[in-house]
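Chains as they are written, first to last, in the numbering used here: chain A, 1 to 114; chain B, 115 to 226.
Some clues are possibly wrong.
[Unchecked claim] Among the chain B residues that face chain A by a calculated CB cut under 8 Å, a handful are:
1. Phe-123
2. Phe-216
3. Gly-219
[Stated by the list, open to error] Here are the computed lysine-lysine pairs in the DSBU-like style, where the Cα-Cα straight-line distance is at most 30 Å:
4. Lys-71/A / Lys-223/B
5. Lys-9/A / Lys-184/B
6. Lys-57/A / Lys-83/A
7. Lys-213/B / Lys-70/A
8. Lys-223/B / Lys-57/A
9. Lys-213/B / Lys-71/A
Think of the hints as simulated: they come from the structure by calculation, not from any bench.
Note that the Cβ used here is the ideal one computed from N, Cα and C, for glycine as well.
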Amino acid sequence: DGGITQSPKYLFRKEGQNVTLSCEQNLNHDAMYWYRQDPGQGLRLIYYSQIVNDFQKGDIAEGYSVSREKKESFPLTVTSAQKNPTAFYLCASSMRAQNTGELFFGEGSRLTVL
Amino acid sequence: GEDVEQSLFLSVREGDSSVINCTYTDSSSTYLYWYKQEPGAGLQLLTYIFSNMDMKQDQRLTVLLNKKDKHLSLRIADTQTGDSAIYFCAEGLTGGGNKLTFGTGTQLKVEL
C-alpha cells in the first residue's frame with residue numbers, strides 16, 4: 001500500500017544530542033513537509049521541499065536541518081541548537097501540481113528530551 | 115501575515131450535531147480544508163472547499179464558508195463517539211506549493 005512512513009514513533013534524547021527523524025513516502029509525490037505539533041498551538045511548518053535537492057525554511061526552522069537527496073526521503077535532524085525540541089513531529093507529502101493542495105500525513109514521531 | 119484561529123474544545127452528546135468554527139485572515143486563500151486527527155496519529159483530510167463556494171455537503175459533513183467575514187465552519191450531523199478527535203482547519207493557495215497554514219485545532223469530545 002502507498003503511504004508515508006515515519007520512524008521512530010517514539011524517541012528519547014538527552015540534552016545536547018542531535019537526533020534524526022526519518023520520513024519515507026512511496027506515493028511518488030514531489031513535495032514533502034515537516035510540521036511540529038504542540039498542544040494548543042496547532043501545526044507549525046519547519047521545512048518543506050518541492051523537489052529533490054531543494055528545500056525552504058518554514059516558520060520555525062531554527063535548530064532544525066533537512067536534506068532531500070531522494071524523492072522518497074526527507075529526513076529531519078533536530079539539533080542541539082533547538083531550545084525546546086520536545087514535541088510531536090509530522091511529515092507530509094503532496095503532488096506538486098495538484099490543484100486541491102491535499103497533504104498526506106505520516107503517523108508522526110514523538111520526541112522527548114530528558 | 116496568515117493566521118488561522120479555532121476554539122480549543124467542544125463537547126457534544128452522541129446523536130447531536132457538532133459545529134466547529136474557524137476564522138482566517140488571508141483573503142487570497144484559494145482552498146480551505148478540514149483535517150481530522152485521531153489520538154497519536156497523523157492528520158487525514160476530511161473535506162475541502164474552494165473559495166468561490168458557499169457550502170459543500172458530504173454525507174454527515176457540511177462546510178459553510180463566509181468569505182466576507184473570513185469564517186469557515188464544519189457541521190457534523192448525528193455525531194458519534196468515533197468522531198472524537200482534533201479537527202484542524204487550514205488555508206492554502208493554488209500554486210503555493212501546497213504550503214498550508216493550519217489552525218490551532220479543536221478537540222471534539224463526544225459524550226454518551
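For a C-alpha distance cap of 30 Å, please report whether Lys-223/B and Lys-57/A respect it.
Roughly 35 Å between the alpha carbons, so the hint for Lys-223/B and Lys-57/A is violated.
Does Phe-216/B meet its interface restraint, that is, does its C-beta lie within less than 8 Å of any C-beta in chain A?
holds (4 Å)
Satisfaction of the Phe-123/B interface hint, Cβ to chain A closer than 8 Å:
violated (10 Å)
Straight-line Cα separation of Lys-213/B and Lys-70/A no greater than 30 Å?
holds (20 Å)
Has the given pair, Lys-57/A with Lys-83/A, been kept, meaning a C-alpha gap of at most 30 Å?
At roughly 17 Å apart (the allowed maximum being 30 Å), Lys-83/A and Lys-57/A satisfy the hint.
Does Gly-219/B pass the interface check with chain A, least Cβ-Cβ distance below 8 Å?
It holds, given that the least Cβ distance between Gly-219/B and chain A is near 5 Å, below 8 Å.
Hinted pair, alpha-carbon criterion (30 Å max): Lys-9/A, Lys-184/B. Please report holds or violated.
violated (37 Å)
Under the criterion that the straight-line Cα-Cα distance not exceed 30 Å, is the pair Lys-71/A, Lys-223/B satisfied?
Violated: Lys-71/A and Lys-223/B sit about 39 Å apart, past 30 Å.
Given the hint that Lys-213/B pairs with Lys-71/A, test it: the Cα-Cα distance must not exceed 30 Å.
holds (18 Å)
Comparing the model with each numbered hint stated earlier shows that hints 1, 4, 5, 8 do not hold.
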